[in-house]
Amino acid sequence: MKNLILKNSAMVAGALLIGAASASAAEFKWASNTDPQTMDPHAVNSAPVLSFLNNVYEGLVRRNQGMSIEGSLAESWEPLQDDDGWRFNLRQGVTFQDGAAFTSEDVMFSYERASNEAADVRSWFAPVSEVRVVDDFTIDFITKAPNPLFPDSIANFMILDKGWAEANGAELPARDAENHATMNVNGTGAFKVASRDPGVKTVLVPNEGWWGEATHNITEATFTPIGNAATGLAALLSSEIDFIQPIPLQDVAQVESRDGFKVLEGEETRVIMFGFGHEHEELLYSSDVTGKNPFADARVRLAAAHAIDIASIDRVLFRGKIEGASQLVPAGISGYSEANSDRPAYDPDRAKALLAEAGYPEGFSFGLKCPNDRYINDEALCRAAASMFAAVGLNAELSTGPVRDYWPQLREDAFDMYLLGWSPGTFDMEHPIRFLMSTPNKEKKLGSWNFGGYSNARVDELLPGIQREVNPAARQAMVDEVVAITQEEVAYIPLYTQPLIWAAKDNVDLTQRADNFFMLRWVTVN
Amino acid sequence: MVYFILKRLIQSVFVMIAVAFLAFSLFRFVGDPITQMTGVETSIEDQERLREELGLNDPFVAQFVRFTGDMLQGDFGYSYRTRQPVGEMIATRVPATLELGIVALLISLVVGIPTGVFTALRPRGFATQTILLTTLVGVSIPTFVIGIMLIFLFGVQLGWLPTFGRGGTVQIGGWETSLFTIDGWRALILPAITLGVYQLTLTMRLVRAEMMEVLRSDYIRFGMARGVPMRSLYFRHALANTMVPVITIIGLQFGGVIAFSIVTESVFQWPGMGLLFLESIRFVDIPVMGVYLVVIAFFFVLVNLIVDLLYLAIDPRLRVKDTS
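Chains as they are written, first to last, in the numbering used here: chain P, 1 to 526; chain R, 1 to 324.
For the record, the hints were derived by calculation from the structure and aren't laboratory data.
A quick note: this is a predicted structure, and the numbers were derived from the prediction, not measured.
The beta-carbon is built from N, C-alpha and C at its ideal position, and this holds for glycine as well.
There may be inaccurate statements among the hints.
[As the list claims (entries may be wrong)] No more than 25 angstroms apart at the CA atoms, straight line, and that leaves these computed lysine to any residue pairs for SDA-like:
{"no.": "1", "chain 1": "P", "residue 1": "Lys442", "chain 2": "R", "residue 2": "Glu52"}
{"no.": "2", "chain 1": "P", "residue 1": "Lys352", "chain 2": "P", "residue 2": "Asp309"}
{"no.": "3", "chain 1": "P", "residue 1": "Lys201", "chain 2": "R", "residue 2": "Leu150"}
{"no.": "4", "chain 1": "P", "residue 1": "Lys201", "chain 2": "R", "residue 2": "Phe154"}
{"no.": "5", "chain 1": "P", "residue 1": "Lys444", "chain 2": "R", "residue 2": "Glu45"}
{"no.": "6", "chain 1": "P", "residue 1": "Lys445", "chain 2": "P", "residue 2": "Asp309"}
{"no.": "7", "chain 1": "P", "residue 1": "Lys442", "chain 2": "P", "residue 2": "Pro148"}
[Claimed, not checked] Derived, one-sided and incomplete: chain P residues facing chain R with beta-carbon distance under 8 angstroms:
{"no.": "8", "residue": "Thr182"}
{"no.": "9", "residue": "Thr224"}
{"no.": "10", "residue": "Ala235"}
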């Protein structure tokens with residue numbers, strides 16, 4: 001993947017061409033491994049929920065097929081002149097699915113609802129100090145500091161109708177008990193929910209009153225969650241469903257070998273990496289090193305990076321579907337540092353030399369923690385990495401577990417080294433800098449996923465500038481500096497970008513967006 | 001009789017409380033519900049507040065007492081994952097599991113009893129040996145493998161039957177059933193066979209063993225000597241006596257069928273209680289897990305009770321004892 005955006009736009013062009021050629025209407029059935037747990041767009045900040053609800057609700061802005069921002073309920077937006085913040089000029093003549101008109105009051109209401117304590121998405125509004133309704137179709141979001149990224153960061157902020165929410169007692173996202181918005185939907189989007197049986201089946205039908213022009217040919221779309229991967233594959237191969245996301249890597253050959261089906265491959269924006277217990281005083285799971293933490297030494301961390309043979313991992317575990325990563329976002333994401341695009345080469349001799357230089361000529365043992373149900377092939381990857389580490393003298397004691405138990409362990413610092421995958425929610429380099437590279441600080445809400453406590457004063461100093469800087473060149477210079485520092489200090493070992501593997505019937509055309517979201521309005525069934 | 005049933009029901013309450021206690025003491029090791037409920041961007045502060053709101057910081061005993069207290073008052077709480085009332089969530093999933101379990105049980109009885117009798121009457125025949133060997137293979141393969149094999153054979157290769165879900169369902173007085181549509185039956189066949197295979201083998205072997213035992217007993221020999229027709233001897237005298245222990249075991253097994261339908265439900269994406277339970281484990285949805293386990297415990301108690309009552313109906317000797 002040289003350039004994510006380029007590749008995706010090529011796909012977009014293809015999809016549009018095919019879309020234009022066909023016109024016949026069709027029913028569409030699809031499956032995924034997780035049911036959206038609620039129909040409330042502010043209750044849970046998780047991909048299955050936001051991906052699904054983006055078909056029904058809409059935000060002020062939205063992401064197009066190539067992941068860049070375009071107008072949705074806002075036709076245009078510009079930075080404010082007198083204040084820090086943004087003005088959104090709203091689309092006129094839009095109605096909610098129940099017929100109510102969309103105005104700035106609904107945006108104001110949705111902002112208050114989504115930034116409330118009861119909302120899981122409230123972190124999106126941390127930079128906002130105030131929201132002002134200017135008129136029926138103009139609204140200002142005032143930010144505490146200049147925030148060039150703000151419009152990008154609210155692409156999944158979906159707008160509810162104020163009247164509908166108030167009439168049904170859904171002023172706030174459900175906290176204890178369910179409320180009307182947990183099961184019922186009233187958006188402005190291209191589809192509406194015809195029926196829902198949680199965990200079993202959800203049926204969508206096109207919204208006739210949608211303001212946009214429909215490019216799909218779906219008359220009815222049925223979603224079924226299928227948790228078991230083999231069952232999902234069987235459902236596709238028996239033609240009971242038209243499309244499934246995702247399928248396991250080992251099933252790719254099975255799908256490709258059959259007539260009438262195809263595998264869709266892309267790169268997710270998720271980078272898989274190893275992290276270290278930087279701030280630990282000593283190794284917790286070592287049988288031969290006590291009283292000190294070898295990973296506190298950058299040479300040891302670099303040795304670990306040189307021990308990894310990404311090409312072999314790609315060939316053996318991923319069937320040639322991954323691309324090595326040099327930093328915490330893949331190429332094509334804004335802020336990607338072109339100046340620092342080399343990753344440490346596979347060089348076991350260098351690794352051994354570095355270990356000797358750091359005072360561990362015989363190597364040492366340590367504990368490696370990995371999830372076994374979170375990322376594609378996560379457990380197999382860690383096994384492979386452990387044997388690569390062992391080849392240079394780093395004897396990893398691997399322990400794996402389900403993700404529901406994995407995060408709590410990382411939070412409790414129960415690791416020497418760990419595996420993590422990160423997808424930048426804002427699709428900008430600032431996101432991993434804020435969450436993974438900043439010194440953990442609860443008050444400032446920084447470094448909340450920096451489990452190892454990596455800390456560099458210069459990185460902390462640069463972050464506010466990166467968040468505020470409007471000039472792209474000046475901003476990139478700061479980002480480049482952060483990437484250079486964290487590469488030199490080997491804050492993490494970025495491994496590769498996780499592949500995205502979906503499967504569909506041959507007659508289905510759809511867009512595979514890099515954030516793993518599936519948009520029904522880009523589907524055509526031929 | 002009424003006293004007997006009442007006593008059992010009161011005992012069941014204690015069983016359920018014990019199960020709830022065991023379950024609760026294990027939940028701490030399942031994982032952290034908060035990280036499963038919130039997104040990656042949620043601040044630690046907000047996570048802590050949610051943890052406090054849900055009472056997850058309370059000591060284990062306090063959480064357990066609150067759970068049982070609410071349950072005894074009929075308040076099953078709300079799911080962490082979906083926010084829906086747990087009682088309702090489980091209630092809507094009960095029909096799917098019960099129908100699957102009952103059909104699986106029927107299959108195992110309708111096939112298992114006749115083959116059991118047959119193999120007992122011709123213990124050395126070629127057909128008997130074949131049946132015994134086949135069922136041995138059937139019972140040795142794990143349920144999910146049988147399920148997947150059936151799906152790929154009948155669903156994917158032959159395309160005769162659906163691979164997942166319940167097919168067409170209809171509502172009858174709040175009970176969502178798939179027993180009244182062709183589609184529903186088509187969807188039910190494979191999971192019911194998958195779930196019933198183990199039961200079937202067990203029934204067959206049990207009937208065979210008991211039948212052979214009974215056939216050796218004195219009263220059958222006397223009957224033979226007296227010239228009682230063989231048909232009447234086999235099916236009226238021998239089989240009836242065979243059924244007493246068989247009913248006990250099968251009945252007790254039925255509780256297991258309901259409880260262990262989890263695997264079958266997962267393989268066939270069958271929207272029953274088991275599937276709900278699996279999803280709940282994945283999301284550390286403690287209220288749903290707790291209520292599910294208590295409900296399953298209640299099923300076991302109920303099945304035991306029914307077995308005892310059936311006993312009274314089948315075996316006249318017990319009735320005499322009861323009245324004396």
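Hint by hint, here is what the structure shows:
1. P/Lys442 x R/Glu52: Given pair lysine 442 of chain P, glutamate 52 of chain R holds - Cα atoms ~17 angstroms apart, limit 25 angstroms.
2. P/Lys352 x P/Asp309: Distance ~15 angstroms between lysine 352 of chain P and aspartate 309 of chain P Cα, so the pair holds.
3. P/Lys201 x R/Leu150: Judged against 25 angstroms, a Cα distance of about 23 angstroms means the pair holds.
4. P/Lys201 x R/Phe154: Distance of about 23 angstroms is within 25 angstroms: holds.
5. P/Lys444 x R/Glu45: Given pair lysine 444 of chain P, glutamate 45 of chain R holds - Cα atoms ~11 angstroms apart, limit 25 angstroms.
6. P/Lys445 x P/Asp309: Distance ~35 angstroms between lysine 445 of chain P and aspartate 309 of chain P Cα, so the pair is violated.
7. P/Lys442 x P/Pro148: holds (24 angstroms)
8. Thr182: Holds: closest Cβ of chain R sits about 5 angstroms from threonine 182 of chain P, inside 8 angstroms.
9. Thr224: holds (7 angstroms)
10. Ala235: Check passed: Cβ of alanine 235 of chain P comes within 5 angstroms of chain R, closer than 8 angstroms.
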